[in-house]
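If you read the sequences in order, they're chains U and C. Per our numbering, the very first residue in the first sequence carries number 1; after that it's consecutive. Per our numbering, the very first residue in the second sequence carries number 1001; after that it's consecutive.
Derived from the structure by calculation, the hints contain no laboratory data. There could be a bad hint or two in this list.
[Unchecked claim] SDA-like, lysine to any residue: derived pairs with alpha carbons at most 25 Å apart: (1) U:K9 / C:S1087; (2) C:K1003 / U:S95; (3) C:K1003 / U:V112; (4) C:K1073 / C:E1015; (5) C:K1003 / U:K9; (6) C:K1073 / U:N62; (7) C:K1070 / C:D1029; (8) C:K1070 / U:V60; (9) C:K1070 / U:G97; (10) U:K9 / C:I1046; (11) U:K9 / C:G1043; (12) C:K1016 / U:P61; (13) C:K1003 / U:G40; (14) U:K14 / U:T111; (15) C:K1003 / U:T111; (16) C:K1003 / U:K14; (17) C:K1016 / C:S1082; (18) C:K1073 / U:G96; (19) C:K1073 / U:G97; (20) C:K1016 / U:S95; (21) C:K1073 / U:L45; (22) C:K1070 / C:Q1056; (23) C:K1003 / U:Q57; (24) C:K1003 / C:D1022; (25) C:K1003 / C:L1084; (26) C:K1003 / U:E30; (27) U:K9 / U:G40; (28) C:K1070 / U:G100; (29) C:K1003 / U:G58; (30) C:K1003 / U:T99; (31) C:K1073 / C:K1016; (32) C:K1073 / U:T55; (33) U:K9 / C:S1041.
[Unchecked claim] Partial list, computed: chain U residues near chain C (C-beta under 7 Å): (34) V50; (35) I54; (36) G96.
[As the list claims (entries may be wrong)] Just a sample of chain U residues kept apart from chain C, beta carbon distances all over 10 Å, derived: (37) S33; (38) R44; (39) E72; (40) H94.
For each residue, glycine too, the CB sits at the ideal point set by N, CA and C.
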Amino acid sequence: NAGVTQTPKFQVLKTGQSMTLQCAQDMNHEYMSWYRQDPGMGLRLIHYSVGAGITDQGEVPNGYNVSRSTTEDFPLRLLSAAPSQTSVYFCASHSGGPTGELFFGEGSRLTVL
Amino acid sequence: AQKITQTQPGMFVQEKEAVTLDCTYDTSDPSYGLFWYKQPSSGEMIFLIYQGSYDQQNATEGRYSLNFQKARKSANLVISASQLGDSAMYFCAMRETNTGNQFYFGTGTSLTVIP
């Protein structure tokens, strides 16, 4: 019963490096999203997808790229890492139904030096 | 404007006492859902309770209940008989139907249960 799986759990990058956070869900959810969590700011939406081939920007999309080629996978790409992107990242999915809660991955802690 | 407002950055409660965590929301969508999540120090997000905008009764899940006051746009979480394991961050969230079912989160309340 995997649910939402995101990798890696920890990553240290140097400024300017690029990387991809992987996210996969096995619940056949249409909706997937990426959030970042910073102290005192709650969870802020980076990008989201309402189905394969469809993505849209959230509240804080700059510096991040996403794609949704399959229902299961929703990777988040950091194009050129900056110290301001040091954060904890959560991938999440939900079914979109009237009572559908958001299912979260375990989180990925990213440090940009 | 903030969609979800949690005005209590930190709260303390004595073990076995009840505690209320405040949450107000802002939406013009008649169809929405309200959620509470718990985040212990280990970091995972745990779903606690859900309230739909059309639900007539307050939601309850074990020791958790949601005090839903629609006219005041508030959705406070009540934890009864607090336990040491309840010490965590608590996030209120809202899902709106008319914005593509996006979820909006508050800034969270850190709850500490004192033995």
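Hints, verified against the model:
{"no.": "1", "hint": "U:K9 / C:S1087", "verdict": "holds, 23 Å"}
{"no.": "2", "hint": "C:K1003 / U:S95", "verdict": "holds, 22 Å"}
{"no.": "3", "hint": "C:K1003 / U:V112", "verdict": "violated, 30 Å"}
{"no.": "4", "hint": "C:K1073 / C:E1015", "verdict": "violated, 29 Å"}
{"no.": "5", "hint": "C:K1003 / U:K9", "verdict": "violated, 29 Å"}
{"no.": "6", "hint": "C:K1073 / U:N62", "verdict": "violated, 32 Å"}
{"no.": "7", "hint": "C:K1070 / C:D1029", "verdict": "holds, 12 Å"}
{"no.": "8", "hint": "C:K1070 / U:V60", "verdict": "violated, 29 Å"}
{"no.": "9", "hint": "C:K1070 / U:G97", "verdict": "holds, 21 Å"}
{"no.": "10", "hint": "U:K9 / C:I1046", "verdict": "holds, 18 Å"}
{"no.": "11", "hint": "U:K9 / C:G1043", "verdict": "holds, 11 Å"}
{"no.": "12", "hint": "C:K1016 / U:P61", "verdict": "violated, 43 Å"}
{"no.": "13", "hint": "C:K1003 / U:G40", "verdict": "holds, 16 Å"}
{"no.": "14", "hint": "U:K14 / U:T111", "verdict": "holds, 8 Å"}
{"no.": "15", "hint": "C:K1003 / U:T111", "verdict": "violated, 29 Å"}
{"no.": "16", "hint": "C:K1003 / U:K14", "verdict": "violated, 35 Å"}
{"no.": "17", "hint": "C:K1016 / C:S1082", "verdict": "holds, 5 Å"}
{"no.": "18", "hint": "C:K1073 / U:G96", "verdict": "holds, 22 Å"}
{"no.": "19", "hint": "C:K1073 / U:G97", "verdict": "holds, 22 Å"}
{"no.": "20", "hint": "C:K1016 / U:S95", "verdict": "violated, 36 Å"}
{"no.": "21", "hint": "C:K1073 / U:L45", "verdict": "holds, 22 Å"}
{"no.": "22", "hint": "C:K1070 / C:Q1056", "verdict": "holds, 10 Å"}
{"no.": "23", "hint": "C:K1003 / U:Q57", "verdict": "holds, 17 Å"}
{"no.": "24", "hint": "C:K1003 / C:D1022", "verdict": "holds, 14 Å"}
{"no.": "25", "hint": "C:K1003 / C:L1084", "verdict": "violated, 31 Å"}
{"no.": "26", "hint": "C:K1003 / U:E30", "verdict": "holds, 23 Å"}
{"no.": "27", "hint": "U:K9 / U:G40", "verdict": "holds, 21 Å"}
{"no.": "28", "hint": "C:K1070 / U:G100", "verdict": "holds, 20 Å"}
{"no.": "29", "hint": "C:K1003 / U:G58", "verdict": "holds, 14 Å"}
{"no.": "30", "hint": "C:K1003 / U:T99", "verdict": "holds, 19 Å"}
{"no.": "31", "hint": "C:K1073 / C:K1016", "verdict": "violated, 29 Å"}
{"no.": "32", "hint": "C:K1073 / U:T55", "verdict": "violated, 30 Å"}
{"no.": "33", "hint": "U:K9 / C:S1041", "verdict": "holds, 15 Å"}
{"no.": "34", "hint": "V50", "verdict": "holds, 6 Å"}
{"no.": "35", "hint": "I54", "verdict": "violated, 10 Å"}
{"no.": "36", "hint": "G96", "verdict": "holds, 5 Å"}
{"no.": "37", "hint": "S33", "verdict": "violated, 7 Å"}
{"no.": "38", "hint": "R44", "verdict": "violated, 8 Å"}
{"no.": "39", "hint": "E72", "verdict": "holds, 19 Å"}
{"no.": "40", "hint": "H94", "verdict": "violated, 7 Å"}
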